[in-house]
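Number of protein chains: 2
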Amino acid sequence: MKLRVDIMNEKKLSELGESGLIKSIAGMLEYFEDDELFKGVGDDCAVLKEKDAKEYTLLTTDMLVEGDHFDLDWQDPWQIGWKSIIVNISDIAAMGGLPRWGLISIAFPDDITVPFADELFKGMISASERYGLNLIGGDTTHGDNLVINIALIGKVEESYLCLRGDAEVGDLICVSGDLGKSWAGLELFRSGKKGYTDYYLKPDCRLEFARKVAPHVNAMIDVSDGLASEVTHIAEESGVGAEVEKSKIPISEKTLKTGRSLNKDPMSWALSGGEDFELIFTVPQKELKNIDGDFTIVGRIIQKGLYLMDEKGKKMKLEGGYDHFS
Amino acid sequence: MKLRVDIMNEKKLSELGESGLIKSIAGMLEYFEDDELFKGVGDDCAVLKEKDAKEYTLLTTDMLVEGDHFDLDWQDPWQIGWKSIIVNISDIAAMGGLPRWGLISIAFPDDITVPFADELFKGMISASERYGLNLIGGDTTHGDNLVINIALIGKVEESYLCLRGDAEVGDLICVSGDLGKSWAGLELFRSGKKGYTDYYLKPDCRLEFARKVAPHVNAMIDVSDGLASEVTHIAEESGVGAEVEKSKIPISEKTLKTGRSLNKDPMSWALSGGEDFELIFTVPQKELKNIDGDFTIVGRIIQKGLYLMDEKGKKMKLEGGYDHFS
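Line by line, the protein sequences are chains A and B.
As numbered in our numbering, residues 1 to 326 make up the first sequence, in order.
As numbered in our numbering, residues 1 to 326 make up the second sequence, in order.
If you're looking for bench data, these hints aren't it; they were derived computationally from the structure.
Please note that a few of the clues may not be correct.
Derived DSSO-like pairs: lysine-lysine, alpha-carbon spacing no greater than 30 Å straight-line [unchecked claim]: (1) B/K51 to A/K212; (2) B/K264 to B/K212; (3) A/K39 to B/K122; (4) A/K51 to B/K212; (5) B/K246 to B/K317; (6) A/K254 to A/K193; (7) A/K314 to A/K304; (8) A/K254 to A/K304; (9) A/K54 to B/K39; (10) A/K54 to B/K155; (11) B/K122 to A/K49; (12) B/K49 to A/K122; (13) A/K264 to A/K212; (14) B/K51 to A/K51; (15) A/K51 to B/K317; (16) B/K39 to A/K155; (17) B/K39 to A/K39; (18) B/K54 to A/K49; (19) B/K49 to A/K155; (20) B/K248 to B/K194; (21) A/K155 to B/K155; (22) B/K155 to B/K194.
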């Protein structure tokens, strides 16, 4: 393995940003000659095509840190446990697969009680049970803050496997459910107001819907950092462009109402808020008839450029997306 | 999945202790009916026997937390990266397997620079390259402290698979290399003195040796929490007892010298210090001729009881082991 280090300066990570960091890491990891590695860094999951196996193996991991991903003043331990599993299953769903096995790592601070830990595990187990995931091992240790890492192994049939990089010019860009609902709750907590916090407290993923659409779509990704960021990932990985119609982006009445009550624009939550765990997928026009369920067409894949179009047809640059280091 | 919650009181985790917590979690996880799960919680790795697969799949994860598992004043980022991979490969080695693929999760504090992150990854990649592991994905996020989680997937042939629970009465208890060397370095740093800190700063694992002995041993475990704790795990999982001869426990001259310079007993580091990442294995007398290399016979498996015998043959209770919550 030869190292390729592109970035070597005194920049702090907060200046480099998360996507810069991921690019830097991806550049360092020049894989061994590995016949069984189908896709490494750069998608929702790494993908293995193991010899003798009929299905592909999916691997994903996500770390949740107290103060950054949850707040003990707002969320109870059951909700934190539930969310920690959902964010990972959402990555498996985005590949078209099914979750199978999970490993839990937790750093517990000194003042955590046994009932707290029990509730945390119960939340994890409820989410796992809901989606057919078996939690089979892990690591517990001590830390100043509560930190949870989940690693999942999933499986996917060849005809169901969806990558970010398979979008084609002419594909329609679709979004499941509605966006901005998680950030709406976060904004309410931050402002100390009451309102629509249900989804923020107990987000869900779209595993069943993903399984229905997977055989028919080209590219798919889950919405963890907002629509702008996810559509950009699809476009960059696929070597194409995208245009999204702002007026089509689905935002629920509850989320709109939260925006009005806080005097904030819910569109920015949909574009850049994240943690909605909905799916964004691109589908050829001719496959559209095979897809039914709760989704909205919001744009299309073009040759190049990333655009957001307003009601009057005015084109803006599509940008945004939650950055963990900004 | 039905929950079984045995412990439900206001005890803090620091009172319950790590093994109590693991028992509590293991009790909660009543697995789905799962034909492919060979061994869940309770060994160095979880073990899958997937349909169509010729080998078993090994899964393990370990979390390292700044201040608990490493100290930025003592270790450089390369060393932290190296160690984070070694501790996980050691778990794969203890099962008799080979590491294949790894997922990295890291929470970076604000003040981490890009060169720091680069060195951290270089340490990880060096350890991975050394032992044939391919790092294929991960998650980076923000946190107040540096936290690293590694999840590994390994493979093992049926004839190489070693579990903690397969020790048999009459087996000889063996230890690779020497013990207490990691804790020696930690004690030097804690006291602000110079000396033998090499192994603490760059620990190693015994993958090659594990592969040589695996077909011949009954039970095997790696030494992450000290000999007393690891022998207890083997005995409990196997439903047997063990007696260890104190005078046989291998401690190097460098470690003994460190003990003298600090006026501390290195035997307690060997018994309870941990992080040596040596192997403890039990082997039937008749298989001993098939094993060669750097190891020491320190005791034997008996029907019941856990004993440490001193030079005069006096029996003490075998106890100790590093507890992350004590």
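*Does the structure keep B/K39 and A/K39 at a Cα separation of 30 Å or less?*
Answer holds: B/K39 to A/K39 is near 28 Å, not above 30 Å.
*CA of B/K39 to CA of A/K155, is that 30 Å or under?*
19 Å, holds
_Run the distance test for A/K51 versus B/K317: straight-line Cα separation, threshold 30 Å._
49 Å, violated
*Below or equal to 30 Å on CA atoms is what counts here, so check A/K39 against B/K122.*
Since the Cα atoms of A/K39 and B/K122 sit roughly 21 Å apart, the hinted pair holds (cutoff 30 Å).
_Distance restraint between A/K51 and B/K212, which requires alpha-carbon spacing of 30 Å or less_ = Holds: A/K51 and B/K212 sit about 25 Å apart, inside 30 Å.
*Between B/K264 and B/K212, does the CA-CA distance stay at or below 30 Å?*
35 Å, violated
*Is A/K254 within 30 Å of A/K304, Cα to Cα?*
Roughly 35 Å between the alpha carbons, so the hint for A/K254 and A/K304 is violated.
*Are the Cα positions of B/K51 and A/K212 separated by 30 Å at most?*
25 Å, holds
*Starting from B/K122, check that the Cα of A/K49 is at most 30 Å away, please.*
27 Å, holds
_With the threshold set at 30 Å, check whether the alpha-carbon distance from B/K49 to A/K155 stays at or below it._
14 Å, holds
*Satisfaction of hint between B/K194 and B/K155, Cα-Cα up to 30 Å*: The hint is violated at about 41 Å.
*Quickly compare the C-alpha distance for B/K49 and A/K122 to 30 Å and report which way the hint goes.*
This hinted pair holds, its Cα atoms lying about 27 Å apart.
In terms of the numbered hints stated before, the structure departs from hints 2, 8, 13, 15 and 22, listed from lowest to highest.
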